[in-house]
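Those protein sequence lines, which keep their order, are chains A and B.
For the record, in the first sequence the residue sitting at position 283 is 283 according to UniProt numbering, with numbers rising by one throughout.
For the record, in the second sequence the residue sitting at position 150 is 150 according to UniProt numbering, with numbers rising by one throughout.
Calculated directly from the structure, the hints in this document are not laboratory data.
Some clues are possibly wrong.
[As the list claims (entries may be wrong)] Okay, the calculated bits of chain B under chain A, using three or more residues with CB under 8 Å as the criterion:
1) 34–40
2) 134–140
3) 153–159
4) 257–264
[Stated by the list, open to error] Here are some chain A residues the structure puts well away from chain B; computed CB gaps all over 10 Å:
5) A172
6) A176
7) R276
8) G662
Predicted model only: the values in this text are computed from it and were never measured.
Ideal placement from N, C-alpha and C gives every residue a C-beta, glycine not left out.
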Amino acid sequence: MRFDTPATTNPIDQLKVIGQPTDRIDGPLKTTGLARYAYEQHDVVANQAYGYPVGATIAKGRITAMDLAAARRAPGVLTIVTAENAGKLVKGNFNTAKLLGGPEIEHYHQAIAVVVAETFEQARAAAALIAVDYAEEAGSFDLAAARDSAEKPEASDFGGPPDTSVGDFAGAFASAHARLDQTYTTPDQAHAMMEPHATLAAWEGDKLTLWTSNQMIAWGKADVARTLGIGKDKVRLISPFVGGGFGSKLFVRADALLAALGARASGRPVKVALPRPYTFNNTTHRPATIQRIRIGASAEGRITAIGHEGWSGDLPGGAPETAVNQTRLIYAGENRMTATRLAVLHLPEGNAMRAPGEAPGMMALELAMDEMAETLGLDPIAFRTLNETEVDPENPKRPFSQRQLVECYRIGAERFGWDRRRPHPRQVREGRWLVGMGMAAGFRNNLLATSGARVRLGEDGMVTVETDMTDIGTGTYTIVAQTAAEMMGVPLESVIVRLGDSSFPVSAGSGGQWGANNSTAGVYAACVKLREAVAQRLGFNSSDTVFAEGEVRSGNRSVPLAQAAASGALTGEDSIEYGDLAKTHQQSTFAAHFVEVGVDAFTAEVRVRRMLAVCAAGRILNPKSARSQVIGAMTMGVGAALMEELAVDKRRGFFVNHDLAGYEVPVHADIPHQEVVFLDEADPMSSPMKAKGVGELGICGVGAAVANAIYNASGTRVRHYPITLDKLIGGLPENV
Amino acid sequence: MYLRPSTLREACEALVEAPAAILAGGTDFFPALADRPPPPRILDLSRIDGLDGLEIIDGVLRIGARVTWSRIARAPLPPCFDGLRAAAREVGSVQIQNVATLSGNLCNASPAADGVPPLLTLDASVELASSSGTRCLPLAAFLLGNRHTARRPDEILTAILVPVASPDATSCFLKLGARRYLVISIVMVAVLLEVAEGRVRSARIAIGACSAVATRMPELEAALIGASPAALGSLVRPHHLERLAPIADVRATADYRSEAALELVRRALRRCDGAAA
């Protein structure tokens, strides 16, 4: 189905099932442990063996010798695969470093071998017997030191151009009434999802099946085939449940390749899970950024110049963290510039983590906006409202498809009690607590991608949806079922959803908060096909056929839906394909984040007391799972603001705190009250679903709202995340 | 080799044959393996009778080697143990508290071990058994450094022995971390206070996570003797904490730890005062 004109009224608009707060249909499977994750596929193939990875213990250099003898002799060992005996491997299109390294080592904990044995314990024990000699080389591990050597990266679809410029930024900034010129930093961060990367691989002749934990099935299938040099038709990926990804599982990782190689070498199905430390240094992470923001404004507070420059690092051949992109779109201002620079760092590979670009970018920009509002003597909301734009500021002929950001501010301020905020910091004291409020805008683009599905009406009247779309804990199963139920006029219980299998039609996959809108639009398209097939078989005029309450109705005729399939199942398969609506109209999602914190006046302990996010993100397909997504993202944003930081060992080039004891994330009990409000909105430009993403919007800006609340409470402005207690204590009234 | 002896004697004999990693709750043991295999010999204490006692005999609380944090938290103990029980409620999550043991916390000898400061203020000792007999060591003599204790490879810590302080004694424990719960301590403070006739008769104060081993603060303790309980917070001076040698790490800087320790001590003293009143 081609989607190139704005959506008009369609069956989704009935909102009988879609738009209703609906429990996850896979919830019982998860709470009872019946949902099978990759490493738990114990019975899909017989005779499974276990693989255990060996990671490089240097960041850069070469393996000079590798002694496998003791490991080969160890009990239960079936085979050991290294780069030397693995055969030719081609680096995947989505990988920056090789998934199996050697003799050249590109980063710490790059996999250099997999040991396959009868049991997990035997494989692990043997892996520890492998002795490796290295010739270590000096590397670059410090972004601040490498900043001056950073270069202009290539333009990319996701990242945009390295430089943008509109008007005369330098001149306008120099002559502005009020100016802000500050530098902010965000650290390297880990996805820290619960389920580690895990794969079970089985060969059947020249065909490979991978039960794996992956967000993007089609990308993964293509990269596995490319890496192994086999046809895509020889590879099948199955990923029905994913225990969190946050971008870490967008791409095939070492577990999949090592399992495939181990299985090929041993002639047995092999499963590999990355040990927790490997999920920090073997896989990808969100790269640290240095961001310089300059804002010039008139006396009344109109932005006349806005500039945002971002520096990040990655392995040679890698890509930047594009922290500046939202600054091209979010606020008005005639003179603007952005610049993205990329340094070479020999740390583990940097890549996407929940809201790549905007998450760290908004942490800096919205902190800068708070500072600028204070400089101008304006309320932070008033300053933002004054600089609201209805059009792409770089291209005023290009409007936003919808933009209710000001309404988000208004509703949020009212619900949160923003009028009780004291404009000057350190004015509210409750016992030992300094109390403050902060806010920030939330902004994340809505991305469109082709997405397909197949829908079958069985002889029993059940509707089965198949798509390679994944549910990474987000609620995909449920919204896909809701879509099919709405379209086919059946109750939710009559829909079966099968996801995450590369033998199903290719979907948009889960990433960039594009999954919900695109994958359900694909299901919509397939359902339209199925409705046509049903009408045709029943001899109905498809244009006036109504599907409701388990019946198909046309004129004064009414037939049970199941009857259409009585003489054989019917199938509809299609994809949603997008035209130019995203080019003619900027599609974005918006939020207003509000946070209240207490800062201990003596120890600087920060306690987030309340949070509110008001979101304008198109039609909300399932307010219950959408709320969970936003709450989860807000919590992650608190982690980014207060505690999450991969500590870089700048001598050896690795992340030191590579487990969940050293890399702390917020827990539920840290935030007693979180509220989410969705504006009643439907965006006809986005898809027939009129929906947009919310899963990443929730993290964009929230970290800055925490930082701004801390400033309002304590009077200390911290520009270097995370805002740990030691950065605050010196500025406390009791300690100065 | 995974050993699960059913008597203490067998366990001690097994350690004479060859040293082994001793496993109680396992909550430090397993995460510390990270991606490495476990050590070749593991001695599991779970089948040995007589290590799970928790009782006061002749004025001494005996905490068996397998007593979990949850049992401490729920035990009806006199007020001098309030600090220890508070620590028990803040070690990890409830799931951790249900399997992790106090004895394991001491043997693991982390600088941030939550059990150590309260037990130091209680003048606790540890009982160490081996095939050549049993000995007792004051806790401060048992803990030698970061992950380093006086336990010989052939010894098993069988119990923690705690003299029950005066019924007038009050105690408390405060812990500070990057998040409210489930957190590894940046600073923690335990205080045990005895007040008689409106004056401090004795004060015992220990601070953890600010030196390789948690340590008592004798200079501060001495300075508080005879003082009015209400004034204690104001008597604490930075020089009283000079024994501390905090490090900077991913959780906080050394300077932060010093400042926060000072505040936490003041706060703990005020809280103990409140409990006494």
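Each hint, compared with the structure:
{"no.": "1", "hint": "34–40", "in the structure": "holds (count 4)"}
{"no.": "2", "hint": "134–140", "in the structure": "violated (count 0)"}
{"no.": "3", "hint": "153–159", "in the structure": "violated (count 0)"}
{"no.": "4", "hint": "257–264", "in the structure": "holds (count 4)"}
{"no.": "5", "hint": "A172", "in the structure": "holds (40 Å)"}
{"no.": "6", "hint": "A176", "in the structure": "holds (37 Å)"}
{"no.": "7", "hint": "R276", "in the structure": "violated (7 Å)"}
{"no.": "8", "hint": "G662", "in the structure": "violated (6 Å)"}
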